[in-house]
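With the hints as constraints, model all of the structure from the sequences given.
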Amino acid sequence: MNALDESVLDTREAGYNFAYLDERTKRMIRRAILKAVAIPGYQVSFGSREMPLPYGWGTGGIQITASIIGHDDVLKVIDQGADDTVNAVNIRRFFQRTTGVATTERTSAATLIQTRHRIPEIPLCEGQILVYQVPIPEPLAKLEPREAETRVLHGLAEYGLMHVKLYEDIARHGHVAATYDYPVMVDGRFLMSPSPIPKFDNPKMHMNPALQLFGAGREKRIYAVPPYTRVESLAFEDHPFEIQRWREACSMCGARDSFLDEVITDDNGARMFVCSDTDYCSLRRADSLDTTQGEDQ
Amino acid sequence: MNTAQWRYVPPPEGNDVESIAAEAGPILRASGLAKRYGARVAIEDVAFDLWPGEVLAVVGESGSGKTTLLNCISARLKPDAGQVEFLTRHEGVVDIYGLSEASRRLLARTDWGYVHQNPAEGLRMDVSAGANVGERLMSLGERHYGRIRSQAAQWLARVEMDASRIDESPVAFSGGMRQRLQIARNLVTRPRLVFMDEPTSGLDVSVQARLLDLLRTLTHHLGLACVIVTHDLAVARLLAQRMLVMKDGRVVELGLTDQVLDDPQHPYTQLLVSSVLQP
Chain A
0 MNALDESVLD TREAGYNFAY LDERTKRMIR RAILKAVAIP GYQVSFGSRE MPLPYGWGTG
60 GIQITASIIG HDDVLKVIDQ GADDTVNAVN IRRFFQRTTG VATTERTSAA TLIQTRHRIP
120 EIPLCEGQIL VYQVPIPEPL AKLEPREAET RVLHGLAEYG LMHVKLYEDI ARHGHVAATY
180 DYPVMVDGRF LMSPSPIPKF DNPKMHMNPA LQLFGAGREK RIYAVPPYTR VESLAFEDHP
240 FEIQRWREAC SMCGARDSFL DEVITDDNGA RMFVCSDTDY CSLRRADSLD TTQGEDQ
Chain B
0 MNTAQWRYVP PPEGNDVESI AAEAGPILRA SGLAKRYGAR VAIEDVAFDL WPGEVLAVVG
60 ESGSGKTTLL NCISARLKPD AGQVEFLTRH EGVVDIYGLS EASRRLLART DWGYVHQNPA
120 EGLRMDVSAG ANVGERLMSL GERHYGRIRS QAAQWLARVE MDASRIDESP VAFSGGMRQR
180 LQIARNLVTR PRLVFMDEPT SGLDVSVQAR LLDLLRTLTH HLGLACVIVT HDLAVARLLA
240 QRMLVMKDGR VVELGLTDQV LDDPQHPYTQ LLVSSVLQP
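So the sequence lines, in the order shown, correspond to chains A and B. So in numbering that gives the first Met the number 0, spot 112 of the first sequence is number 111, and the numbers just go up one at a time. So in numbering that gives the first Met the number 0, spot 208 of the second sequence is number 207, and the numbers just go up one at a time.
Calculated from the structure, these hints are not laboratory results. Here a beta-carbon is modelled for each residue, glycine too, at the ideal position from N, C-alpha and C. Check the hints yourself; a few may be wrong.
[Stated by the list, open to error] One side of the interface only, derived from the structure: several residues of chain A facing chain B at Cβ under 8 Å:
id	residue
1	His153
2	Leu155
3	Glu157
4	Tyr166
5	Glu167
6	Ile169
7	Ala170
8	Gly173
9	Glu231
10	Glu236
11	His238
12	Phe240
13	Ile242
[Claimed, not checked] Now the in silico label distances, taken between C-beta atoms and shown as ranges:
id	chain 1	residue 1	chain 2	residue 2	range
14	A	Arg145	B	Asp257	52 to 60 Å
15	A	Gly173	B	Asp257	49 to 57 Å
16	A	Ala269	B	Ala162	28 to 36 Å
17	B	Arg215	A	His174	39 to 47 Å
18	B	Asn117	A	His174	40 to 48 Å
19	A	Gly126	B	Asp94	52 to 60 Å
20	B	Ala162	A	Pro239	21 to 29 Å
21	B	Glu159	A	Gln243	57 to 65 Å
22	B	Asn1	A	Leu33	51 to 59 Å
23	B	Ser173	A	Arg26	41 to 49 Å
24	A	Gly126	B	Asn117	52 to 60 Å
25	B	Ser149	A	Leu33	25 to 33 Å
26	A	Pro53	B	Arg35	17 to 25 Å
Put into structure tokens, the structure is as follows:
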């Protein structure tokens, strides 16, 4: 048994090890993470454990977070950019109950951010860690059904297949139709699935000062993009990579530079566009409130 | 651990038939090839030379080791014994199985082609004809959509397909068209050596005749060396300059096609030739 740190016992559920996983499992996962960081974009297999939530809910991300979280970390959990959706709320509460660490909704205040399908709008900085939940880590999975073969393709860096898919998109739709999970090349070597983040977020991965870790629980893979690593989205010379753009601005904060969700507001088809990143949106609203108040005085 | 490297150098534009220096030697040389599956002998002591621009037919009954031989010489199945040497454009003769896996695979998808009996095996059935033809170009690093597309259209035209069907899926194609698409997909990198495994079987006779005509034209115009596995002696007579007859994993007769067909020496070849139905 591990010695428990008495100071955190009061806010924690009794009977569980710190951050739920046992220490040996954490060490095993940390070793996988170290290897993943050493070979950017390479998928490291690890002994994924059963977690008290179903596959597809972030079992990979939650195991990474559990392995690297410490007493003085400040945790933020987002799901599709929002801090208050079911997945985010449950995972945040899970860590509150098993570690007692401080949590936050502020991107800049967090040291550890677990995310599902978004990268926060506020740029990350050195020392922060972003943990992605990944359903299918293999970018070639839909193109090459044999996993042994995909590993050979990675080993020999034979990635022509991925461009066949992009070609097919352009031939059919006139543009690359993939809008999320858009394949990237990491450090000019490994083809990587960025998890189902919108391609809007792909440029944020490039030369990001934060450490980015990816966990796939069901598929038992961990991969990583270390700080300041080149991450390039695949494209053709005559069909360059483009991110989504909206004609509308966020109807709550007026932002034109953030990823917008389209929300249907009634049965007559009325709709509004709002920032998917709730923290970014509320910060902007608070800022504009401050400035308008200042003008009044 | 094989470490020998091979680098792809794209062939010069324009001239279709490359000047072939006969003194450079055979383009493919197999010697002492043997492959066993457990105690069962698949092929034993097979040796032959293939010269640049030459078409060699491999005939024999089912189970005689034709396909195993084709797989061994096309680097798809490592033989238990023997050597396969290939004359490269720029780097002289290389031992295929002495190359690193990366080089071997690169060689197989640039300077070589492989036409499967069943086109569904050689094609990507879930992407369009254009993407099928362009795949080799993209794997070589071509990243210009317009150029890939125009090359694909060119090659579709060369295999006598309607270029307007470039965006259609091979699922919508007839057997003959699929086979032609598969050939175009292989030829887009201008290979010098193509392996074919019963390319015309399963097609009706008129389509077969058209495909054979196309193959003959292409091999002639491109100066392709070809190894064709077939059980159809008519195919061999039409396409091949030389013929190799296999029985029980051994080569029983090897010679000029006309010579072998008109004056068979080995009893098995005599049987084979006399078994052909005359309409």
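Quick rundown of the hints versus the structure:
Because the beta carbon of histidine 153(A) sits about 12 Å from the nearest beta carbon in chain B, more than 8 Å, this interface hint is broken. Checking leucine 155(A) against chain B: minimum C-beta separation of about 5 Å stays under 8 Å; hint holds. The beta carbon of glutamate 157(A) is positioned within 8 Å of a beta carbon in chain B (closest approach about 6 Å), and the interface hint is therefore held. Among the interface hints, the one on tyrosine 166(A) holds; its C-beta lies about 5 Å from the nearest C-beta in chain B, closer than the 8 Å criterion.
Below 8 Å, beta-carbon pairs count as interface contacts, and glutamate 167(A) has one with chain B at about 5 Å; its hint therefore holds. Here the hint on isoleucine 169(A) is kept, as its CB sits about 6 Å from the closest CB of chain B, short of 8 Å. The interface hint given for alanine 170(A) holds, since its Cβ lies 5 Å from the closest Cβ of chain B, which is under the 8 Å cut-off. A least Cβ separation of about 11 Å between glycine 173(A) and chain B goes past the 8 Å threshold, and the interface hint is therefore violated.
Taking 8 Å as the C-beta cut-off, the interface hint given for glutamate 231(A) is violated, the closest approach to chain B being about 12 Å. Restraint check, glutamate 236(A) versus chain B: the minimum CB separation of about 5 Å is within 8 Å; hint holds. Checking histidine 238(A) against chain B by beta carbon gives a least distance of about 5 Å; that is within 8 Å, so the hint holds. This hint is violated: phenylalanine 240(A) has a C-beta 12 Å from the nearest C-beta of chain B, more than the 8 Å allowed.
Residue-level restraint check for isoleucine 242(A) is violated (minimum Cβ-Cβ distance to chain B is 19 Å; threshold 8 Å). Separation of arginine 145(A) from aspartate 257(B) is about 44 Å and departs from the stated range, judged on CB atoms against 52 to 60 Å. A hinted range of 49 to 57 Å holds for the C-beta pair glycine 173(A) and aspartate 257(B), which are about 54 Å apart. Between alanine 269(A) and alanine 162(B) the beta carbons are some 48 Å apart, a value that contradicts the proposed interval 28 to 36 Å.
For arginine 215(B) and histidine 174(A), the hinted distance range of 39 to 47 Å is satisfied, since their beta carbons lie about 42 Å from each other. Judged by the Cβ atoms, the range 40 to 48 Å given for asparagine 117(B) and histidine 174(A) is violated: they are separated by roughly 34 Å. A beta carbon spacing of about 53 Å between glycine 126(A) and aspartate 94(B) agrees with the range 52 to 60 Å that was offered as a hint. At roughly 26 Å, the beta-carbon separation of alanine 162(B) and proline 239(A) lies within the given 21 to 29 Å, and the hint holds.
Range check, glutamate 159(B) to glutamine 243(A): Cβ separation about 43 Å, and the 57 to 65 Å hint is violated. The hint said 51 to 59 Å for the Cβ distance between asparagine 1(B) and leucine 33(A), and at roughly 31 Å that hint is violated. A hinted range of 41 to 49 Å is violated for the C-beta pair serine 173(B) and arginine 26(A), which are about 60 Å apart. With their beta carbons about 57 Å apart, glycine 126(A) and asparagine 117(B) fall inside the hinted range of 52 to 60 Å.
Our hint of 25 to 33 Å for serine 149(B) and leucine 33(A) is violated, since their Cβ atoms are close to 48 Å apart. Between proline 53(A) and arginine 35(B) the Cβ separation comes to about 50 Å, which falls outside the hinted range of 17 to 25 Å.
The structure fails hints 1, 8, 9, 12, 13, 14, 16, 18, 21, 22, 23, 25 and 26 (numbered hints given earlier, in ascending order).
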